[in-house]
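Since the structure of chain A is provided, determine the placement of chain B on it from the hints.
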Amino acid sequence: MRRTIRAMLLLSLLPALASAHHVLGRPSYSLNEDSNTPPSMQVETQIGKYFVTYMVFPAFPQPGKPGRINLYVKRLRDDHPFLGKVRFTIRDDSWLASDDAREELGVQEPVDNVFRQGFVISEPGDYLVIAEFEAEGEPYRIDFPLRIGNPSSMGPLGITLGVIIVLLIAVNLLQRRRLARLKTSEYHAREEA
Amino acid sequence: MALGVGEALQSVICLAPGYVAHPGLPVGWVELVLAGMVLTMIRVLWRPESVTAGAGRFHTLVDLPGIGTWLRRLARHHHVLLALRMMTVAVFLLVIYAGLFGTPLPERNFATVVTWSLWWTGVILSVAFVGSAWCAICPWDALATWLVRRRLWRRAPEHVSLNLRVPRWLRTVWPAWWMFVGLTWLELGLGITTSPHLTAILALVILVLTLVSQLLFERKAFCRHFCSVGRTIGLYQQLSPLALRPIDPEACARCTTLECYHGTADIEPCPTHLVMGRLRENTFCTSCGACSQSCPQANVAWSSRPLGSEAMLDARPRWDLAWFVLALVSLTSFHGLTMLPVWEDWARQVAQVIGDSGQLLWTFTLGMAASMAVPMALFVLVAWVTWQMDGRKLPFRRLFSVLAIPVLPLAFSYHLAHNLNHLVREGRGASAVLLNPLGKGALPMSEAEMLQRQLHPLLDQDLLFALQAGLLVFGFWLAVRILQSRMSQIAGAGPARSLMLPMLVFVAGMSLFNLWLLMQPMVMRM
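The listed protein sequences derive, respectively, from chains A and B.
For the first sequence, position 24 (counting from the first letter as 1) is numbered 24 according to the numbering used here, and the numbering increases by one without interruption.
For the second sequence, position 406 (counting from the first letter as 1) is numbered 599 according to the numbering used here, and the numbering increases by one without interruption.
Pulled out of the complex, with its shape left as it was, chain A reads as follows (with noise of 0.2 angstroms):
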């Protein structure tokens, strides 16, 4: 019976359920099963006076593929959503990258209090896009980062084997020079004797 009611209860709270795995600023992905929408990757955040929730469909685009970015803007003072503009742009989001070589994605208007931002990015790589509105006055500026295909596996792996064999080679060298030295220290004692 309780158990019963128990899930009765969960049942009835199932939309929020689904917003319960999000942790502020991180990435999280989900599934609706009874929809039709492939699995996506979101991000809740807020800047300033404004609540941001970004959502990237696919949830891992791929190279060459088409994929959509959907942002809502609301205020945290009283949850009305932002009906301005906003202008997406996007760049390499490696550490030497610099922020003067970003591309535009679009400048888009609300549909239904949605910014909808579609994206072809042909590379595969770690790419930064860049959310930028102006409300009351005040610039917005939001980064999310945007992983276009697989991370790659092998780069982490080679470094570590190859940081590996460096330093099992190196004090091996180290250590041989260091006891050839000492033999023959020891063979010149040994001969002065």
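All clues stand as given, with none of them false.
When the alpha-carbon atoms are kept at most 20 angstroms apart in a straight line, the in silico EDC-like pairs for lysine to aspartate or glutamate are as follows:
(1) A:K85 - A:E109
(2) A:K183 - B:E351
(3) A:K74 - B:D538
Listing some non-contacts, in silico: residues in chain B with all C-beta distances to chain A over 12 angstroms:
(4) V220
(5) P258
(6) M280
(7) W327
(8) R364
(9) W370
(10) V374
(11) G470
(12) R471
(13) R498
(14) P510
(15) A625
(16) L628
(17) W709
Derived by calculation from the structure, the hints in this document are not laboratory data.
We treat Cβ as the ideally placed atom computed from N, Cα and C, and that holds for glycine.
Just chain B now, kept in the frame of chain A:
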């Protein structure tokens, strides 16, 4: 019926809109914990007694019928340990492979589920039963040792490593302290627990660090000074009922060859420079078995001892270890804090004030720093007040280090209670991940599956609550017993009663805060 609805409502407590979390400790259990704490306090203040009798006695387990023979074999021969090490290394390699080549969905990938839901939570539970046994089969150490020494178990010639002495300024646990803080930041701030790829990279980085340490320094400097997991286990081990000890202490007193310390032609010396005959505390023992294998008289074996006896009597107060204990108690509570729905509300408010956006890393860093600073500052204040009350007889650093020891059970008991929640609620999906470690073709967790997991945790929810409540009372009781023992060693049983008061307030305050954390609904990581 009314009771059923009440319980059901409690199981889906919703604090903030949009957040549904697992239920916290119900009021009935909270009242029991409070009653247990009050009774402990009354007993201590009413009947002060010095806790010494029987606290240091060891009972060797090799004399036990049946299991004794098996334990003797385990301690003397390397085969069992080697087989276990090979198994953990195999799992470790699979973690790296799955992390790098498997699905990025954390709840479907072997790397994240095994590392964060099973190992990271289970390793602390293991200390309660088998002390530092994890360190004996640690895959980082095993792999690094095999690579550096190019053999599976026999002693390697010394020239395979530079064998340098660890510089004096590094011969503390401060490197492990910083690593612990760094790992917590990566885990909770950067969210490495939800990224199989980053989990695998972290595993590789720690492997390289272990290897570098073995190549540069003599013995196992990484285990003793740098490894935050090892130092956490080492400190908690002071409370464990099991430890490696001499069967006959007299035999060790007569020993002049000290094979346990120097090793033999085949067996490695003690990796952390311990001499079994003089061993009084297990903080730095990695249970590697080198001492038991090398002892020519087979005089080293697993022994049982009263819970917390090492912390009460034998553990040497050390300034760096005291700070590690404080980091443990503050960061374990911080873990719980970040998993409360209310944490998100605070983070939003702070982010708004400082203008943080994106992953809110500045907000998180500030919150983490504050969560560490507040209990640490309170502890410094309590230690200073106690020092003044004692007439500054002892150097402040020494008293500070002594007073940190009773804090250990608070960290351990909350750590266990918190980890139980993870293990019981997140461990449900482990079997599916074991069958499909790379998560090939897997989809994100659906709403129905999430519901299933919430309804069917690995343990009955009431049993989980009972265990959590019991752990909190036990932690408080043990902390008070250790405090009583340590203060009576410093000031004698009579004056100890009044000297204990500031620390009693601190211990009670931390326990109440941890109890409050457990009462709150908890948002799971995956």
